[in-house]
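Fit chain C to the given chain L structure using the hints.
Chains L and C are the protein sequences, given in the same order.
Sequential numbering from 169 applies to the first sequence in the working numbering.
Sequential numbering from 169 applies to the second sequence in the working numbering.
Hints are not guaranteed to be accurate.
Since the list can't tell identical chains apart, any single copy or any two copies may satisfy a pair.
Derived DMTMM-like pairs (lysine to aspartate or glutamate); straight-line CA-CA distance at most 25 Å [said to hold, decoys possible]:
(1) Lys183 / Asp683
(2) Lys687 / Asp612
(3) Lys173 / Glu204
(4) Lys314 / Asp397
(5) Lys577 / Asp683
No lab work stands behind these hints: they were computed from the structure.
Just so you know, these numbers come straight off a predicted model, no measurement behind them.
There are 2 protein chains.
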Amino acid sequence: MIEWKNFDTTAAYAKLNGLKDKVVLKEVMAGENGAERVAKYQVPMSNGLTYNFAAKEVDDEVLDALCGLAKEAQLAEKYEALYNGEVVNTGEKRLVLHQLTRGQLGRDVFADGVNKRDFYVGEQKKAADFAERVHNGEITNAAGEKFTTVVQIGIGGSDLGPRAMYIALDNWARKNGCSYMEARFISNVDPDDAASVLNGIDVAHSLFVLVSKSGTTLETLTNESFVKDALKKAGLDPSRHMVAVTSETSPLAASKDYLAAFFMDDYIGGRYSSSSCVGGVVLSLAFGPEVFARFLKGAADEDVLAKNPDPMQNSAMLDALIGVFERNIKDYPVTAVLPYSQALSRFPAHLQQLDMESNGKSVNRFGEPVPYVTGPIIFGEPGTNGQHSFYQLLHQGKTIVPLQFVGFKNSQLHQDVLIQNTTSQQKLGANVAAQIMAFACGKDDENPNKTFAGGRPSSIIIGEELTPESLGALLAHFENKVMFQGFVWNINSFDQEGVQLGKVLAQRVLAHNTDGALKAYSDLLNI
Amino acid sequence: MIEWKNFDTTAAYAKLNGLKDKVVLKEVMAGENGAERVAKYQVPMSNGLTYNFAAKEVDDEVLDALCGLAKEAQLAEKYEALYNGEVVNTGEKRLVLHQLTRGQLGRDVFADGVNKRDFYVGEQKKAADFAERVHNGEITNAAGEKFTTVVQIGIGGSDLGPRAMYIALDNWARKNGCSYMEARFISNVDPDDAASVLNGIDVAHSLFVLVSKSGTTLETLTNESFVKDALKKAGLDPSRHMVAVTSETSPLAASKDYLAAFFMDDYIGGRYSSSSCVGGVVLSLAFGPEVFARFLKGAADEDVLAKNPDPMQNSAMLDALIGVFERNIKDYPVTAVLPYSQALSRFPAHLQQLDMESNGKSVNRFGEPVPYVTGPIIFGEPGTNGQHSFYQLLHQGKTIVPLQFVGFKNSQLHQDVLIQNTTSQQKLGANVAAQIMAFACGKDDENPNKTFAGGRPSSIIIGEELTPESLGALLAHFENKVMFQGFVWNINSFDQEGVQLGKVLAQRVLAHNTDGALKAYSDLLNI
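One chain only, chain L, in its complex shape:
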């Protein structure tokens, strides 16, 4: 029987508070003991990935308490309930089914009169067929010429995830000779965004993917009009250049304005939609459906591992628990995500939405204010770039920021140079290894300005290479981590009521229905 209870009412919470200062990183990571921790404190993931948490402020006793928390908070049971189709998004009274887009984890889930796994697979098949017909020249522009570019029009989850995944696999796909269309993205309502993308492409050979679940997103519909306008001005028929990704109940679904429509539903939140048609259409067009299928497989593999009730064998669950320890017990307000891979340059921006929109809440799932802190602020840039930017504060600032590194043994393009006997890839790896130790152990110095206090915790996910499979696994790891943390905090990670007020007020401004400070600001901005 599942019980939803506040984190601070668990026995584990009290126990963990007593262990707050138990582990001093500088001490435990020194010498041979440190090497033993690196060997011991890791959890194998799927597709060549490993989660290593040796440089976190935990030891066997803390881990034991965290395992107790996992049990007490029924993390595995709640995940099971979720993928078996219980209404876990209680605020909006919805199922949460994004894992079903990539695999069947439990029993068949029926909703809206259909088997939802069949529904998602069916839409993927539609997208794959469509992409193949575009690639083989069956679907062309009115002049019978092949489309060369695909442009996603969407914002938030319809933009950040798919864009991050596209950037992550762009080099890989070109190198591996995949079917290839260049992808571009229009998201911001700022007219310079759409205009700039349109000025930079050949619209006559471009296919636009309009993505809005509700079919009512202000930015997306505005940008659609922007694009249609440009197509018409170029003497082209917009309906020959556009497809829609939406829900079956949206006004876009039955419209004749689109070459085709692909469906998602209310059980897939925007920030969890990269593995639905929201990511599937653009990625299948860009790289071919087989690449997208491999990405889904990677995510599915990781979803299966997340079922394990033992955190010591479940990287997403353990990562979640350590994050809770850092947020609630150690009181660290921020977490940085630092991939040592240029291909993952926008992955932190995606995780920023995934995490902060899911767990940036102040009330529990029953609408009661929670007395403890919840999701952290997330930011990040790829290394080694970040080392020459904000790492100064991370090393010597007054606020400790836990770090989440990602690194790979091999590059994607396998183009490298040997300088001073090492490759660039080796230099990249050497830097992340060095940073972990510099953050953990610091360095004493006679000059206080050159002293590093250490005690900055980090984990690293190490992979063989960033492939469609490992990317999918990485994505699922973080989705599941965020889900488990939401379970611990007893919040609903699947709604986002905090985005509504701004929308309402913006409409009021546009209708010139304002007074007081809102009118004053509108006047200053010449609206």
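Below, chain C alone, put in the same frame as chain L:
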């Protein structure tokens, strides 16, 4: 007589602590009082910009205390000392002269036997002449063909600032018919970064700008070799395709490997170098020297305004003081920078370095640990994109994050569409106005999940349009803000000792001279 003293020893510190909870945003921003605050609480800047701080948790009494702090901490005097050539970077015993790259603010500054303003102007002139000769076809590749692309090779300050400025002016320059070369950037030591850029350009018509002050930056020298290798493989002579931006004392300065060399010096920190040749060469090549000159003029105008000892007429100083109030008195650990302009998409990443590398310190300028917190963590993405991402946490999360908005009345490209009677630019402006009020005042609701507590402070810089001048002014505003905060905190904002340890350890890994955990991590990463 200038006195460097710790913030907590000032009378203002005690006074401000007593005012911590004086202003309740929800109350003061409501009704006509709110409108009056919007009208009253603004400071004119240069080049059409205005700094509006109505939605900050201040009132006349708090502002009075902040003005007292400015006087007590001698902010204007310290700035004067800086631009007159005193050794303000005491740790490295260096002058701090980036403002001299764009104007003469005080007396002539001599160092290394020359008038430094003349030196910077001379190098700008060299860069301008060079760019013009490239544009008019005097300087070509070996086949006598014009260069069409410029690629900056640099990291940290040699990358983030110039890249953000390039993106900010790209649309503007194309629209305004400037001399135009496409710019690309290689920064990361990840071989996929250089390989990907090289695969995407026509190297035969590309000019590479190698930027390293010391001439020893690992990433940059590695990427230079990478690029030279590619040029040679294409049958090209690298020395016909490369220029250097470095210091006169660096090993690169006298090398025959470059078509030309442009100089900066030790008095310009990397993160303050956008207005030196580090930004000047690439931006003059990309957009023409006259655009870069206009950018410098905007920055110089703002530097002049920053001389005003009265914070109520000095936006950078006031912004700094309010930031200190938020960091030290209100104890907010993070600040978000949210430009409502897609062209400023990488401006937050630049500010992240500028701020966190400058003020992420724990010791004062005498090397003594400071007992108060210093620079905040900075992150941000452009609006309205962020609204569909992390704003959920900003509105309803447990941690209050002060916000720094930027907005413009007009778009850059002036391409817009009218939908439901409003343009996209109006929708953009309506959104930022709405967000400010939603954050400040929140909204009560019967459903706690739909309740917004408000009390989230923000400021906004409003401009007419993002032009070279207003971009320069914006950059200088933030540089000067960070400088003033460093003065208040009594820290050295111009060194970055925190980046050293990682470099040393990485070299040790590459030399296989490690043991313990560092060796264990290196093994896991296959180095």
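Evaluated hints:
{"no.": "1", "hint": "Lys183 / Asp683", "in the structure": "neither (52 Å within a copy, 35 Å between copies)"}
{"no.": "2", "hint": "Lys687 / Asp612", "in the structure": "between (56 Å within a copy, 20 Å between copies)"}
{"no.": "3", "hint": "Lys173 / Glu204", "in the structure": "neither (37 Å within a copy, 46 Å between copies)"}
{"no.": "4", "hint": "Lys314 / Asp397", "in the structure": "within (22 Å within a copy, 36 Å between copies)"}
{"no.": "5", "hint": "Lys577 / Asp683", "in the structure": "between (59 Å within a copy, 20 Å between copies)"}
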